[in-house]
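Colleague: Here are the chains, one letter per residue:
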Amino acid sequence: MSQSYDRGLVEDFGRWREFSAGMWAWVLHKFTGWVLIGYLFTHVAVLSTAVYGSSIYTETIRELESLLVVRFLEVGLLAVAVFHILNGVRLLFVDLGMGLDAQDKSFYASLVLTGGIVVASIPTFLGGQV
Amino acid sequence: MSTQLPESERPDADGESTGTSTAQQGRLERKRAGTAERQAREESETAGEVETVPLEVYRYDPDVEGKRRPRFDTFHVPLEQGMTVLDALIYARDEFDPSLTFRHSCRQAICGSDALFINGEQRLGCQAQIADLDHPVKVEPLPHQAVEKDLVVDMEHFYEQMRSVEPYFQGGASEADAAGEEQLQSRENREKIKMSTRCIWCGACQSSCNIAAGDNKYLGPAAINKAYRFAMDEREGEDVKDHRMNVLEQEHGVWRCQTQFSCTDVCPKDIPLTEHIQELKREAVKDNLRFW
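Those protein sequences? They're chains A and B, same order as listed. Taking our numbering, the leading residue of the first sequence gets 16, the next gets one more, and so forth. Taking our numbering, the leading residue of the second sequence gets 1469, the next gets one more, and so forth.
Please keep in mind that the hints were generated in silico from the structure rather than gathered at the bench. Predicted, not measured: the structure shown is a model, and the values here were computed from it. Note that the Cβ used here is the ideal one computed from N, Cα and C, for glycine as well. Keep in mind that the hints are not guaranteed to be accurate.
[Claimed, not checked] In silico DSSO-like links for lysine-lysine, alpha-carbon gap of 27 Å or less: (1) 1499(B) - 1535(B); (2) 120(A) - 45(A); (3) 45(A) - 1749(B); (4) 1754(B) - 1685(B); (5) 1709(B) - 120(A); (6) 1749(B) - 1709(B); (7) 1685(B) - 1606(B); (8) 120(A) - 1685(B); (9) 1685(B) - 45(A); (10) 1662(B) - 1606(B); (11) 1749(B) - 120(A); (12) 1749(B) - 1737(B); (13) 1535(B) - 1662(B); (14) 1606(B) - 1754(B); (15) 1606(B) - 1660(B).
[Said to hold, decoys possible] Some chain A residues near chain B, calculated using beta-carbon distances under 8 Å: (16) 30; (17) 41; (18) 66; (19) 68; (20) 70; (21) 72; (22) 74; (23) 88; (24) 89; (25) 118.
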């Protein structure tokens, strides 16, 4: 038998322009999931400063909140979390076999809703401490 | 003697023969007109007026020195109304390069031989209209399968997955089966499995599935759909269904599906694959739920 040629996985993410709604939903759900897991570690690290006393904890939070970068990251975190939640609800319906014909529309709806919520949150987050 | 035609009908026979000669004349006239038309077309072709479609085709041949490294060849195929990608490939093979290799058979989306990667999507060559596609039309072999030559991929793994779900009717639910008689199915049940019976084993879904690409043990959409077709058939006995669910509930069975909907998007027979996989997932959960 003659040899064959393995094209491997090269074409997979190289052709992201051709991804359909379901594929994008999957990619974003994975991505936001990993970001949330990553955030969990920093979250625990910040919370654990409370072990050394309440004033140190308050000080840490204040200092972090005073940094503009942190406030921007918080907006990002909200975007990631909201999308993950909304798409998670969408996946719940998919698992229940409901509205599978509208799976692309529900993905776009969750994107739009995420955008709306994030924009609405910007004044609060970027405004810093009240 | 009695079988001979009566004398009175003879003139009729004569009339018929004159009829044939006029029909013959008509045919000859049409033939002449056709020749003239063809000549006119050939003249316009030589004048370079004919519209062509650029066809970029993936080429690879381990047995030919210059083709061991995959490359793309461009063929300019004269466009015809209603031309499919398969038609264009056949033209390119017959007129330009007889070594161009691809599978095809029925040309009407029944045999499932010519699933190709056309302009970045798994489609049947015989179903993809050139008029619907952006130019140049890029034709590649199905992704995630080893390429044997040009557009021909190794389908053995796909067939193995299909066979692993025992894709045949096993019966055992009714007395008719025990008596060796015809086993009837209710209308409702037939409707339920109708779409799943449409599968033509072309492998487009398997090739589009990102998960199947990374996990060779995953049954894949086509095999799961095949299992659905029989597991949901009311004429199969409980023990047969249990056996089928046992195969599907494995780690690399239905649970590998992550609802990308890629298979459903590309299926040339419009089978709602994801829907079927999700239904089998629910069946699997119901099978394993215990409230004590």
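Colleague: Each hint needs a verdict: does it hold in this structure or not?
Modeller: Status of each hint after checking the structure:
Between the alpha carbons of residue 1499(B) and residue 1535(B) the distance comes to roughly 44 Å, so the proposed pair goes past 27 Å and is violated. Proposed proximity of residue 120(A) and residue 45(A) is supported: the alpha carbons are some 19 Å apart, at most 27 Å. A threshold of 27 Å between alpha carbons decides the hint, and for residue 45(A) with residue 1749(B) the separation of about 21 Å falls inside it, so the pair holds. Distance check on the hinted pair: residue 1754(B) and residue 1685(B) sit about 24 Å apart at the alpha-carbon level, within 27 Å; holds.
With a C-alpha separation of about 35 Å, the suggested pairing of residue 1709(B) with residue 120(A) is violated against the 27 Å cut-off. Pair hint residue 1749(B) plus residue 1709(B) holds up; C-alpha atoms about 14 Å apart against a cutoff of 27 Å. Distance check on the hinted pair: residue 1685(B) and residue 1606(B) sit about 30 Å apart at the alpha-carbon level, beyond 27 Å; violated. For the hint linking residue 120(A) to residue 1685(B), the alpha-carbon distance of about 32 Å lies beyond 27 Å, and the restraint is violated.
Restraint check: the Cα-Cα separation between residue 1685(B) and residue 45(A) comes to about 22 Å, which is no more than 27 Å; the hinted pair holds. Restraint check for residue 1662(B) and residue 1606(B): the C-alpha separation of about 34 Å exceeds 27 Å, so the hint is violated. Between residue 1749(B) and residue 120(A) the CA atoms are separated by roughly 23 Å; this keeps the pair inside 27 Å, and the hint holds. For the suggested pair residue 1749(B) and residue 1737(B), the alpha carbons sit about 23 Å apart, so the restraint of at most 27 Å is met.
With a C-alpha separation of about 44 Å, the suggested pairing of residue 1535(B) with residue 1662(B) is violated against the 27 Å cut-off. Distance restraint check for residue 1606(B) and residue 1754(B): the Cα-Cα separation of roughly 45 Å exceeds the 27 Å cut-off, and the hinted pair is therefore not satisfied. Among the hinted pairs, residue 1606(B) with residue 1660(B) is inconsistent with the structure: their alpha-carbon atoms are about 37 Å apart, more than 27 Å. About 5 Å separates the beta-carbon of residue 30(A) from the nearest beta-carbon of chain B, less than 8 Å, and the hint is met.
Evaluation of the residue 41(A) hint against chain B yields a held restraint, the C-beta minimum of about 5 Å falling below 8 Å. Hint status for residue 66(A) relative to chain B: violated, with the closest Cβ pair at about 39 Å, above 8 Å. Nearest Cβ of chain B to the Cβ of residue 68(A): about 45 Å, over the 8 Å cut. The hint is violated. For the restraint placing residue 70(A) at the interface with chain B, the shortest Cβ-Cβ distance is roughly 47 Å, beyond the 8 Å limit, so the hint is violated.
Restraint check, residue 72(A) versus chain B: the minimum CB separation of about 39 Å is more than 8 Å; hint violated. Annotation: residue 74(A) was flagged as interfacial toward chain B, and the flag is violated, the nearest CB pair being 44 Å apart, outside 8 Å. Interface restraint check for residue 88(A): the shortest CB-CB distance to chain B comes to about 28 Å, outside 8 Å, so the restraint is violated. The closest approach between the C-beta of residue 89(A) and any C-beta of chain B is roughly 29 Å, which is over the 8 Å cut-off, so the hint fails.
At about 6 Å, the closest approach between the beta carbon of residue 118(A) and any beta carbon in chain B falls short of 8 Å, and the interface hint on this residue holds.
Checked against the numbered hints given earlier, the structure breaks hints 1, 5, 7, 8, 10, 13, 14, 15, 18, 19, 20, 21, 22, 23 and 24 and satisfies all the rest.
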